[in-house]
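With these hints in hand, go ahead and build the complete structure from the sequences.
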Amino acid sequence: MSVLLSLEGALGQGILWGIMALGVYITFRLLNFSDLSVDGSFATGGAVSAVLILNGIDPVLSVVIALLVGLVCGAVTGILNTVCKIPAILAGILTQIGLYSVNLMIMGQSNLPMLKADTMFSCLAGAISLPESVTSWISVNNVVTIGLGLLFSALVIVLCYWFFGTELGSAIRATGNNMNMVRANGVSTNMMTIIALMISNGMIALSGALVAQQQGYADVQMGVGAIVMALASIVIGEVIFGRGGGFYRRLISIVVGSIIYRMIIAVVLQLGLDSNNLKLFTALLVAVALTVPVILDKHKQTAMYKRLTDVVDSVEDKF
Amino acid sequence: MLAIKNISKTFNTGTVNEKKALDNLSLTLNDGDFVTVIGGNGAGKSTLLNMIAGVFPIDCGHIYLDDKDVSLLPEHKRATFIGRVFQDPLMGTAADMAIYENLALAARRGKSRTLAWGASVKENAEYKDKLAGLGLGLEDRLTSKVGLLSGGQRQALTLLMATLKKPDLLLLDEHTAALDPLTAKKVLDLTEKLVNEHNLTTLMITHNMKDAIRIGNRLIMMYNGKIIFDVEGEEKKKLSVELLHEKFRQAAGEEFSDDRSVLI
Chain U
1 MSVLLSLEGA LGQGILWGIM ALGVYITFRL LNFSDLSVDG SFATGGAVSA
51 VLILNGIDPV LSVVIALLVG LVCGAVTGIL NTVCKIPAIL AGILTQIGLY
101 SVNLMIMGQS NLPMLKADTM FSCLAGAISL PESVTSWISV NNVVTIGLGL
151 LFSALVIVLC YWFFGTELGS AIRATGNNMN MVRANGVSTN MMTIIALMIS
201 NGMIALSGAL VAQQQGYADV QMGVGAIVMA LASIVIGEVI FGRGGGFYRR
251 LISIVVGSII YRMIIAVVLQ LGLDSNNLKL FTALLVAVAL TVPVILDKHK
301 QTAMYKRLTD VVDSVEDKF
Chain E
1 MLAIKNISKT FNTGTVNEKK ALDNLSLTLN DGDFVTVIGG NGAGKSTLLN
51 MIAGVFPIDC GHIYLDDKDV SLLPEHKRAT FIGRVFQDPL MGTAADMAIY
101 ENLALAARRG KSRTLAWGAS VKENAEYKDK LAGLGLGLED RLTSKVGLLS
151 GGQRQALTLL MATLKKPDLL LLDEHTAALD PLTAKKVLDL TEKLVNEHNL
201 TTLMITHNMK DAIRIGNRLI MMYNGKIIFD VEGEEKKKLS VELLHEKFRQ
251 AAGEEFSDDR SVLI
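For the record, the sequence lines run as chains U and E. Numbers 1 to 319, taken from full-length UniProt numbering, label the letters of the first sequence in order. Numbers 1 to 264, taken from full-length UniProt numbering, label the letters of the second sequence in order.
Since the hints were derived computationally from the structure, they do not count as laboratory data. The beta carbon of each residue, even a glycine, is placed where N, CA and C say it ideally should be. Heads up, some of the hints might be wrong.
Claimed, not checked - Across the chosen pairs, the derived CB separations fall in these ranges:
hint	chain 1	residue 1	chain 2	residue 2	range
1	E	69	U	89	37 to 43 Å
2	E	74	U	89	37 to 43 Å
3	U	297	E	13	43 to 49 Å
4	U	290	E	15	37 to 43 Å
5	E	130	U	281	53 to 59 Å
6	U	115	E	112	44 to 50 Å
7	E	166	U	243	34 to 40 Å
8	U	247	E	88	27 to 33 Å
9	E	112	U	216	43 to 49 Å
10	E	166	U	123	56 to 62 Å
11	U	243	E	151	21 to 27 Å
In structure tokens:
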């Protein structure tokens, strides 16, 4: 029973964190830009939302404002990279480090509980009542988390699908492919980089706001390791669904990857993994998930060579 | 019309590697001129094209396109007027995007990118027509990713992209150098066809002296960042590879003995 409960929790968490992974996908795969500001902007989203809610702002509005602040975070990384010519990784790290202090300034303390305030999740959980036949299987809180998570991630996926089909979105995708070509066709690659980073960090902050509301507090540490979790989600999604297929499939595979990642974590914790070792476990998981396709490819290649060479050898005389 | 006045470019200024790539160079192209550019490695041919396209800033001088001073415009803004094909077939296209998406990006060269759809169904019919004109069978592969095409196909596609929206100036930087002789000829024939069709003002770098003589109405030869020979019309038609060598020797003087090998 406790395994089932933790899996239900993992499902909801996976969907909420999946939005963050979608944001990372935009920079990591579409723009081909290793953005490390994620850890900072995720916590910023949570911090902004928590402070606003504690000040009586509507929880939904607080999510929108968190998203807008996330856009600004992305713009900072983008400007550092394109205008100040700071290499991508360093630009992201600078934003991330700076945001740590900014987040503390926003919250005024390192942990901000919202236990007495109304969040989207607590409001909704209070408003609906489920028959006992359902609640014996899944708690109201989990139902609300999964429901709201699906709503927001569906919204983000549909908007992404639309946006990256537009002229602007196409230009961003091309920027990730070939900057020379994009400039030769009259588009500023600097502008495209900044816009993509803004959208990505906006989505990440949105995810941070949702996670903070769901868990009932914002913490200055809540984004630590977010980039690795995002990569784990993207890579797990790719291993399961493959890197091909349509754009919808790619986007959905990331959220599914995020859910699977959370479930793996939930299971290994249930099995008795010390939570202090979680980060190491995640690092190993990503490394393995990235290695498996390489080994499979190599294996396939060798198998094909053997098969075809056997055929050739059986027909002709050997040297 | 392109007018270049007294432009210079020095790389690695103040170091032992200092290289004067362009030395107080001036050049005027009339509308419809098809100019071939020849010269040894390091003569400044590619630098000249890159300066016109705005890849690097010029040290001094002026570049006018249709009487607009574009000397200080960034590369992507100059792209409004200029179509380009690079030496490397990989450089002109986005590999992970479909053929029609690449064409749609090129069709909007110089326009600001909006939230309208990146490629409309109506456009695709037009692209199909134009791709059929290449004679490479690409018209049936509109949704294929460009990364799946061969170097020659990609170069032909880049050429089509560069001329899709009629440019005021077409810059071809040894665009057939990386292709096999047969494919190179195909792409070169295609270049002539497209340039003639749209009456494009064109600058084409080539290392093939015969092509340089055969194609276009004007030929310039560069050496050490300067134009050392400029010939057009009837006089150009009378050129021979031997004559070009002779001209080069006269202009470059004694130094020629070192560079003869790279010019053939």
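Verification of the supplied hints:
1. E:69 to U:89: 37 to 43 Å: Given range 37 to 43 Å: holds, Cβ gap about 38 Å.
2. E:74 to U:89: 37 to 43 Å: violated (25 Å)
3. U:297 to E:13: 43 to 49 Å: holds (48 Å)
4. U:290 to E:15: 37 to 43 Å: holds (41 Å)
5. E:130 to U:281: 53 to 59 Å: Between residue 130 of chain E and residue 281 of chain U, where Cβ atoms are some 54 Å apart, the hint holds.
6. U:115 to E:112: 44 to 50 Å: holds (49 Å)
7. E:166 to U:243: 34 to 40 Å: holds (38 Å)
8. U:247 to E:88: 27 to 33 Å: holds (28 Å)
9. E:112 to U:216: 43 to 49 Å: holds (45 Å)
10. E:166 to U:123: 56 to 62 Å: Given a distance of about 59 Å, which is inside 56 to 62 Å, the answer is holds.
11. U:243 to E:151: 21 to 27 Å: Taking Cβ atoms as reference, residue 243 of chain U and residue 151 of chain E lie about 24 Å apart, which means the hint holds.
Checked against the numbered hints listed earlier, the structure breaks hint 2 alone; every other hint is satisfied.
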